[in-house]
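Here are the chains, one letter per residue:
Protein chains: 2
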Amino acid sequence: MKLYGYFRSSAAYRVRIALNLKGIAYEPVIVNLLKGDNKTDAYRALHPQAKVPTLETDEGDVLIQSPAILEWIEERYPEPSLLPGDAVARARIRAACAIVACDIHPLNNLPAMGWLRERLGADDAAVNAWYAHWITQGFAALERMIAPAPFAFGPQPTLADLHIVPQVFNARRFSVPLEAFPKIRAVDEACAAHPAFAAAAPQNQPDAT
Amino acid sequence: MKLYGYFRSSAAYRVRIALNLKGIAYEPVIVNLLKGDNKTDAYRALHPQAKVPTLETDEGDVLIQSPAILEWIEERYPEPSLLPGDAVARARIRAACAIVACDIHPLNNLPAMGWLRERLGADDAAVNAWYAHWITQGFAALERMIAPAPFAFGPQPTLADLHIVPQVFNARRFSVPLEAFPKIRAVDEACAAHPAFAAAAPQNQPDAT
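For the protein sequence lines, the chains are E and U, in the order given. Okay, so the first sequence: first residue is -6 according to this note's numbering, each after it adds one. Okay, so the second sequence: first residue is -6 according to this note's numbering, each after it adds one.
Please keep in mind that the hints were generated in silico from the structure rather than gathered at the bench. Where is the CB? At the ideal position from N, CA and C, for every residue including glycine. You may find that some hints are simply not true.
Covered by chain U, per the in silico footprint, the following chain E stretches (three or more residues, Cβ under 8 Å) [as the list claims (entries may be wrong)]:
(1) 65 to 79
(2) 120 to 129
(3) 138 to 152
(4) 175 to 187
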């Protein structure tokens, strides 16, 4: 299995954690977004949005979009489950994921921030305020939805944890205050001590700078 | 079952279509976003983000976030399937959904556009350019991923169709050119002729203005 990613991509980071939690070996393929590796015709043939991650399975299927890739991993490799419980429990986990994957991350992604700078003349302060706003809004909701024990939804990591950890990484990188989110910080701390999360961290990737 | 929604909300529109396709009766509860119905303490107690939709099940469970609600509907009411096929086929459908739900819609949502106007001084032309950009980018990828037959992924509607149709509605509302997307337009046309989609359309809701 090949995972096309970039060390700092949140979406690739999520998938790395999931593969590690499932004990699935994969070959990392580095796509340097800052150098435009994703804009080549060869990469666009794999991913029509020229984003990361892309997962190429052992059967040669090419999968894109982290929410879809994570559900595929869960269906194809059900143990240990990252969506444990009944349908309602799974919906609560998926809702936490969607807050990060829909309502925080896309707004703070490179293309959106590039547009703010280039088309709307936003300076660093304005971009940082935008960045912090979506994290703060989303985390305020998440903080009400989780109950660290020690992971977001209980004694085992779920898809929620592997969305929270990369988003906390981004928040810290941009100095977004996290004092108001003790539960989120507790989850992040529990995950940091888990080898599957540690091995997936940006600083531990071959392309880390 | 109660669906808290707003006629023009894309995310609520998706859930209405899914419930109709499954033949599930529900009571619509109108949350007028322009009047701030979602900002009341009572509504915030249901939805920590004060967004729509919220689904209250017959068992009294309160579910938020359309991606999570749609997966719950699919798990709880499996027939007719909105995620047909094997794990790879399902991943392709979910990837199409995520392009709309993550990479288009959150960037074009009311809070993001409000920020552009109020904090970055964007005028109508700048906001419309932003709005059109994310639709055009996402649709360009989607156009390569679907093969109308007549629905996006075959002879029956899937979760992909119920993401595409509300996004096309939004594109038309903001006069975003769709000439470059004949497959997306064909899917939208096929869905328009389907009673489950027609009954869910914004103009057919009790709160339509």
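Here is what the structure says about each hint:
Residues of the segment 65 to 79 of chain E with a Cβ under 8 Å from some Cβ of chain U number 3, which satisfies the need for three, so the listed coverage holds. With 3 residues having a Cβ less than 8 Å from any Cβ of chain U, the segment 120 to 129 of chain E passes the three-residue criterion, so the hint holds. Interface restraint, the segment 138 to 152 of chain E with chain U: violated (1 residues with C-beta to C-beta distance below 8 Å; minimum three). Only residues whose beta carbon comes within less than 8 Å of a beta carbon in chain U count, and the segment 175 to 187 of chain E has 0; fewer than three means the coverage is violated.
Of the numbered hints stated above, those contradicted by the structure are hints 3 and 4, listed in ascending order.
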